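Participant: Chains as they are written, first to last, in the UniProt record's numbering: chain A, 1 to 624; chain B, 1 to 354.
Heads up, none of these hints are tricks.
Which chain B residues face chain A? A few, computed with CB under 8 Å, are given here:
{"id": "1", "residue": "Glu35"}
{"id": "2", "residue": "Asp45"}
{"id": "3", "residue": "Arg46"}
{"id": "4", "residue": "Val50"}
{"id": "5", "residue": "Ser103"}
{"id": "6", "residue": "Ile107"}
{"id": "7", "residue": "Asp129"}
{"id": "8", "residue": "Ile310"}
In silico SDA-like pairs for lysine to any residue, Cα to Cα no more than 20 Å straight-line:
{"id": "9", "chain 1": "B", "residue 1": "Lys57", "chain 2": "A", "residue 2": "Thr297"}
{"id": "10", "chain 1": "B", "residue 1": "Lys342", "chain 2": "A", "residue 2": "Pro421"}
{"id": "11", "chain 1": "B", "residue 1": "Lys57", "chain 2": "B", "residue 2": "His202"}
{"id": "12", "chain 1": "B", "residue 1": "Lys207", "chain 2": "A", "residue 2": "Met414"}
{"id": "13", "chain 1": "A", "residue 1": "Lys78", "chain 2": "B", "residue 2": "Ile113"}
In case anyone wonders, no lab produced these hints; they're calculated from the structure.
These figures come from a predicted structure and were not determined experimentally.
Glycine included, every Cβ here is placed at the ideal spot set by N, Cα and C.
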Amino acid sequence: MASAAASEEAVKAAKVLMVGAGGIGCELLKTLALSGFSDIHIIDLDTIEVSNLNRQFLFRKTHVGQSKAHVARDAILKFRPNINIKSYHANVKDSEFNVDFFKQFNVVMNGLDNLDARRHVNRLCLAAEVPLVESGTTGFLGQVTVHVKGKTECYECQAKPVPKSYPVCTITSTPSKFVHCIVWAKDLLFAKLFGDKNQDNDLNVHSKDGSSSNSDVFKRDADEDLDQYARRIYDHVFGYNIEVALENEETWKNRKRPTPIYSREALPEEALKQNGTSGDCTKEHEEPSAMASLGLTNPQEIWTLADNSRVFVEAFKLFFQKREKEVGNLIFDKDDQLAVEFVSTAANIRAYSFGIPLHSLFEAKGVAGNIVHAVATTNAIIAGLIVIEAIKVLRGDYKNYRMTFCLEHPTRKMLLMPVDPFEPNKSCYVCSETPLLLDVNTKETKLREVIDKIIKSKLGMNLPLVMIGSTLVFEDGDGLEEDEAANYALNLDKVLAELPAPVINGTKLTVEDFQQELSCSINIKHREEFDEEKEPEGMVLSGWSAPVEKQVNSNGANKSAASSSSAHDSVEDISSKPGMKRKLDEISETKENCGASTSAQVVEDDDDLTMLDEDPKLKKKRSL
Amino acid sequence: MDLSKYVANLILFFRRLRIRAFRAMGGGGGGAEEELTAQETALYDRQIRVWGVDAQKRLSKAHVLVCGVNGTTIEFCKNIVLAGVGSLSLMDDHVVTEDDLNSNFLIPHDESIYGGRSRADVCCQSLKDFNPMVRVDVAKGDPSLIDGEFIDKFDIIVVSCASLKTKLFINDNCRKRNKHIAFYSIECKDSCGEIFVDLQNHSYVQKKPGGDPKQQELAYPSLQEAIDVPWKSLPKKTTKLHFAMRVLERYELSEGREPGETSLSDLPAVLALRKDMCDRMSLNESQIPTALLERLVAAGKKEHPPVCAILGGILGQEVIKSISCKGDPVKNFFYFDAADGKGVMEDIPPTPAD
Ligand SMILES: [Zn+2]
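Bound-form chain B, shown alone (with noise of 0.2 Å):
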């Protein structure tokens, strides 16, 4: 062998030893935040994978408030639990019926277990189950009362089974905060779903395939704002669902119903509803189909557990993504329709294209 050359090749070896460990010391990026455990780095291996460390540390400090338990909260509470969440408190004081049980798997189906106990309380403790890193609890009280003091102990705030003045209370609630905190409302009338989000203004970090990492900026109408857009300027492509879903809580409003209280006995009324809106918003009436509304309003408050199921998905996905700012979020409707199996992102008012 080439003595000069074994030479030569070790001093350069030795160059490039020093510079390694230098590198090392300085640490690799990151900042100087607490690391992983050993036992948090186990758990969350897998998901790691998919969206790095540093949204695992995010993660794992925000604090979630949900107002509403019901099928589909309860998806995307296992969601976030499992996921890692620094905190989640449940805010649903209704007493426990029968019909709580049908789509909501964290309710046994035995009533010396869940007789006279809230929907809160009795689905709390599976959810400490699921991951006992994660900080679960109940928030008693009614979600159209909740002040700013209580509202800004959270980062994200999901509200559902609740009255459209309720939500857009505690969306104008967050918005009036200094601190940032999301909102979104979930609803699920049994095959259909409606996601709302409103991030205000909202920057991350986006990735296109191919494209190298890019900081964008979003700014998010308020509830009030994007249900207040005339229909007529919407695209006319815009899912018949979201039109549906504004005279269904109009309807549920004006009657002064509970979420979900309608059957088809409310159809003919619902229909007159929709010819009136309609007309106010110059739209053709053929974009929400009756056979739509019956189905809606059938549904009362009927989920459907696939629905569920892909709705607290979806939802836990955005709530994951808003909080690590990384990927693109839902701005700033999403619908589903088992009907058609489609699940479409509505952006409402249009944001101009630049």
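This is chain A alone, in the form it adopts within the complex (with noise of 0.2 Å):
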């Protein structure tokens, strides 16, 4: 074929960029190697795991805790070693890697695992004209997409979903699923015990109503037993505070009444001295482990509420013992084995209470961590598919871009679907100018909170600027003045209508991130109510979204967005991620073992990843 030698010549001189080393970048990277790439410069952030070692095949055990980046370099270089490669240990949202630094670049590939990196990349690309090939993988899914700046959509050009909040009560009063559970005992209870004690927390704290604030029942007394503090803890939060709740009998008119539950009852003096004093049979050199001490060996099976509360008094005694210096300051990890444990069981425990369904700590633990499900094969099969992108994208071989889904069941005998790419989306606030809208009550709404639930988190912008006509009145970074920053300070703590440029309904903001060299306006619309449940934020951002189009699933039927839709059931909400959303949602796949609807949220690896509500509006879907 006469097109090979092009294709070589064009690998051999090109320069490419990966961002991620993990599941799908230790693939990549090999791949790229293997195909004659010769100039390649690699971005992760993260250390190596134990859970990455059965997929992420550049590492070893030897490795874990070193710097992902790195490592995979070295690896490669062992069989390429005539080859250029650069490592960098770094975040990509670092300020060296400014847009000069992409323009260096002849192609960037992502194998990320976070929207907020995803979007940033995006946005960098677009500043300094590099195509971007991305991807993402979820279990037996993938996909992978061209993105190149006037040719195809932007990364960006569909909304991607936002992180679902639950509102505060249904965590602290009201739970109905497990993962409500999961996240009363992780962001209430386990951040109240173990984390920083300043930060705000709804768990009622007080062991009497109205008794004075100071009484804060999670104190441990001077003199008290570390046995007897635990328990005391048990009843207040299982016990007491449910019994609190029922009070309410507003509350319960429509719901089941929860049972409070006490330690006496649901943990035995003798069982717990079955086990005699915790801590003395966990080995010092290992991680401490409730479970392991208690002699419980099966994370997959569902323990009874007398084992929970075993585990958990257990767990909680040895965070005091074992790990003290870091009581105060920690944060829940999913790899932290105590801290999963404590979790688990505290939510099993009020599950319980609750009459929800227990569940395992292996299953508690995805939930918990946000675990995407990763496979080696689904990783190997993407990366091979970037890279014929990536040698279409140097080539220039645009006509030929295609993106591409790796199905679990086939369609139209097909497990491996390419299909055309979308053009971009005229109203996209990344890669067009389009303004967006701002509903928010400007008489009570704070400038830090826009700024840090929309433009931070909606609008992805790492330091962001903002103007009200040319009155700057804040802006983020280093190397501010003194009397700036402090200005700026006291801006934050200002309601919108009382800014020195008061914002009112009608006021148009100009925001503004220069490291991704993003520029955009907000249209601000005053509003005074905001329903709870569905807009917990008291705050609506619109403007982006793609209008909808018929949608057609595979089959050709026509279907309601709803109905592939998992977003009403608990713990599967887990298995969607941000990503890429809407493209996959057109081939709706059931996972196997948890019969779970995936839907399609595709993001490789196992970062900290929020729980997503599905947006109807985000279904689009373009006749094949």
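From these two lone chains plus the hints, build me the complex, please.
Facilitator: Right, here's the structure in full:
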């Protein structure tokens, strides 16, 4: 084939950037090196963990704790010593990776695990005018897309689903799904007991209603025995707090009443004594584990309430016995065995109380850690497809760009299904200049809330700057003058209408991020009422969603957007990840092991991903 | 607080507690098989979340033989070793040459390491490092001579870079054994690839989106039966690659060539064979485009690394599906062509619709 030589030339001359050295990254680096790429730069912030080793094949047990980017580089150089690989153990959002940095590459390839970084890279690629090949996998599903400025849609042309936030009262008082119990155990109880004491927390800390606010029951009394302390906390959160909640008859009119649980019933003294005092049987060099010290071995099994209670108390005590120094600044981490034990059992005890089915430690860990299902084969396939697209990009063969889906069940005989790329969305706020609309109560909302909840979290800006007309009201980043910084700090705590340049109905905000070279405008609409359940943030951002088109599913039948949605079901939410949601919606898939509809959020790896809700508006399909 | 209600709740609570405890003692399904070790659970955490504990246990008891070590089968080997298969044996006595380095990432670019050693031998060592819990070894010998007793050691046999004659021989042998042995052949010709699957009689649990799990039975034809299917009886939309591969393997067989021992100079003879076969089986020659045959003969033994990754990934998934008896397996051909990017399943001869 005459074009083979042209491909070889293009590949040999190319300088490429890979972002992510995880599951897809390892496969991609290997396939790039074999395919003749000889100048590869790779960025990854992460270090290697044991649970990576089943698919990130460039890593060995001895590498645990080391930089993924560096170890991946060294591993590849062993079998391709003559190529140039430059590795960065760094965050792609660091300022060194600016537009000029991106401009040196012929193509950028993403093997990322989170929406935030993906959006950031998308913006830099647009600004630097470098083509981007984007990818993601979950379980047996995966996809590869090509984003070239002006030729195809950018990564953000279709709105991405935003992290789901649960109404506070569902978490604190009326859980109905296991995931609510997990959120309670992780974000409230665990954070309260072991995290930063100064953080806001909605957990009821008072032992008696209306009693003085300084009596924080979560504090250990000076002379309190650890076992006593553990039982007191147990009784407070699973017993007393439930009884307080039960007093509010209004709440339970249409709901099942929860059962208070007390340690003396759930956890008789004898049961606790069976395994002696905690910690003694844990070997010093090993990570403390409550289930290990109690002789429980199977994390796949659903434990009884008594066992959950034993593990809960044991884990609680182990934190104070073995990890006392960390108490006060712990953050939940899915790879922290003791933290997983504590959160899983706390969630189960609460679930029991509310008549919600209990879960095994293994399942609970998946929910708590938002763990993405990942297998080596899908990553290998996706990496192969990325390289095929990257070579087309290097050859300028844009007529043949495809986005490709890797499916679990064949659709029209295909397991790998290529589709023509979408055209750029003319109303995309990232790659075009369409203003957004923000509904907000300008008399009550502080600038800080708009910046945190909208500009940083929804628009994905890293170091934003906010202007009203020509008045600069906020700027982030280093190098500010002291008085400027003080001024901005003051502005943050002002409500919108009271800013130096007041923000009222009809005001236009200009928001910019210099690093991403992204600027957009937000039109403000003043609104006083917000639905607490549906609009818990008290603000609604709109204006960038693509218009909804008639949707056709893979069987050719019209399908309502909600039918494939799993948003209304508890644990299943976890299998959806931020990423390229819309596209695989058209091929709704079912996960075999848990029967959960994955409806195809596609993202590799195991980073912290938040639970998602599906927005029917996002569902759009172009006929093939 | 209402005391009587509290007491009632307590009684309810203890009743539930007892029921729970009782259930838990009975153990929740899965049979009395041994549990995975803590080490296995930690290592395989992410994939167990995809295919479940039972599949992982079955996987760890499966024995796989790979005949023919090349860039494509090495991708497959990597995938199943990472997944935690019980054992993997490699059969390929060919001494490593420089050509092998192109698509095989397990061979270091250092003649002092690979010089004089067989492909199986060099790759075996690297594969062991991927997962210390998997037994990887070298099976010396010639795939075209392996006997039934040897075959019985395996649950899965994968054949690559072998002649059609050898493939038919091994497939036939697998089918003659009392034990169920799954047979796969896989070939990569530059940017094109083919996988053939023979699971004989395979029963598995099918889970369609939104549906309940269903027991399914599939009956596979042998390789001989599949390639003997008259072309004119196949649906019009059958992948052109299927016909092209049949022409090529017939050509190699009739000329006594090693697999992949072709070049552009063979094209005229291959086109003549195409005409011959098409005439015999009443297929329009345009169903096997000259350009496609040209790419295949020119490919020779060359494997395009991204295509190796894709084929090795698909085959890995197929083998996991067949071992775990979960998920729809390919029946019975899979084709990939980087030129159009499609990865297509073909059922040959087509299973009658029920
Ligand atoms: Zn866009």
